[in-house]
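Trainee: Under the numbering used here, the first residue of the sequence shown carries the number 35, and numbering increases by one thereafter.
Some clues are possibly wrong.
Derived DEER-like restraints, expressed as beta-carbon distance ranges [claimed, not checked]:
id : residue 1 : residue 2 : range
1  : Arg155    : Val262    : 52 to 58 Å
2  : Pro112    : Arg322    : 37 to 43 Å
3  : Gly114    : Ala140    : 52 to 58 Å
4  : Gly114    : Arg293    : 45 to 51 Å
5  : Pro176    : Pro271    : 22 to 28 Å
6  : Arg108    : Pro169    : 38 to 44 Å
7  : Glu321    : Gly209    : 42 to 48 Å
8  : Gly131    : Ser287    : 34 to 40 Å
9  : Gly144    : Arg322    : 45 to 51 Å
10 : Arg135    : Thr324    : 45 to 51 Å
Calculated directly from the structure, the hints in this document are not laboratory data.
A virtual CB, placed ideally from N, CA and C, is assigned to each residue, including glycine.
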Amino acid sequence: ALLQLAGRRRRVFVYDHPGPARAQGLLPSALRSRYAVAVLGIDVWRPLAGTRGRALRGAAPVIAISHATLERARPHLPEGCEVTVVHPGLDLPLAGGAPDRALLEAAGAGFVLIVGRLSGRERYKGHDELLEAWPALLELVPSARLLVAGEGDDRARLEARAAELGIGEAVRFAGGVDAATLAALYRRAALFAMPSRDEGFGLAFLEAMAAARPCLALTHTAPAEIVVDGETGLLVPRGARPALVAALAGLLSDPERARRLGEAGRARWEREFTFEAFERRLRPVLERLTGGEAA
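Sequences and hints are given; from them, build the entire structure.
Mentor: Given below as structure tokens:
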């Protein structure tokens, strides 16, 4: 496809990712397009060799989706390459079909929600941190419940750990859920909590904000670029379990405050994190590179 575009002898600019951008190296130099490469997180958290490395060296510029991703990736980027940060946006898909009524009835409402893959390779997402905090949380809020939405090869280990901690009755593993069910879970949740240490950005936080749910995240992470502490949610230091417990208990015990934070989060999503807002941020970057011809 790149060869066909280049063969038309018109100016072409490509916005791509490190994997597909490798195709640029297969073209004769005279036919290569100018291109930008978007880096999302784990794809550039380690040295890139071969064609991926060459793709980054040829990009103008490298566009990171968060400042946290950029700082994590910077040691592995080509020396002197142009970099910029453009936060992505999210428009909620139409949730067609009926939600899982049995799951929703069993889940009830007012729970803490975490959404994400349960992968042994992604234990940084914060599932363990929430489970380990739950016994202390139950001492403060005996009715506190955690709903885990997502599937993966680490689910059995997490379920076993919940049982070991004696919190099995307070934690529900919902497995993978469809869009309609997920949307309903966001609406029913008291708050969204994902104390992830290494998120590239955190689109699930945007989903929660769009549903007017307050969010809990860690300081000095990409989600901290989304969540405004004390305004749309709460930020706690990584590894600070007492602070995590206190933040969870505070929001669960004060529904009115949680509502205000959630509504402010919804307003922030509408203002800063829709796909239209993402286009507004990205367009000037591409227009500068294309001489004002970004379409």
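Trainee: Determine for every hint whether it applies to the structure shown.
Mentor: Here is what the structure says about each hint:
1. Arg155 / Val262: 52 to 58 Å: violated (30 Å)
2. Pro112 / Arg322: 37 to 43 Å: violated (20 Å)
3. Gly114 / Ala140: 52 to 58 Å: Since the Cβ atoms of Gly114 and Ala140 sit about 56 Å apart, the hinted range of 52 to 58 Å holds.
4. Gly114 / Arg293: 45 to 51 Å: holds (49 Å)
5. Pro176 / Pro271: 22 to 28 Å: Cβ of Pro176 to Cβ of Pro271: about 26 Å, so the range 22 to 28 Å holds.
6. Arg108 / Pro169: 38 to 44 Å: Once the Cβ atoms are compared, 39 Å apart, the range 38 to 44 Å for Pro169 and Arg108 holds.
7. Glu321 / Gly209: 42 to 48 Å: holds (44 Å)
8. Gly131 / Ser287: 34 to 40 Å: 35 Å Cβ-Cβ, so the 34 to 40 Å window holds.
9. Gly144 / Arg322: 45 to 51 Å: holds (48 Å)
10. Arg135 / Thr324: 45 to 51 Å: holds (50 Å)
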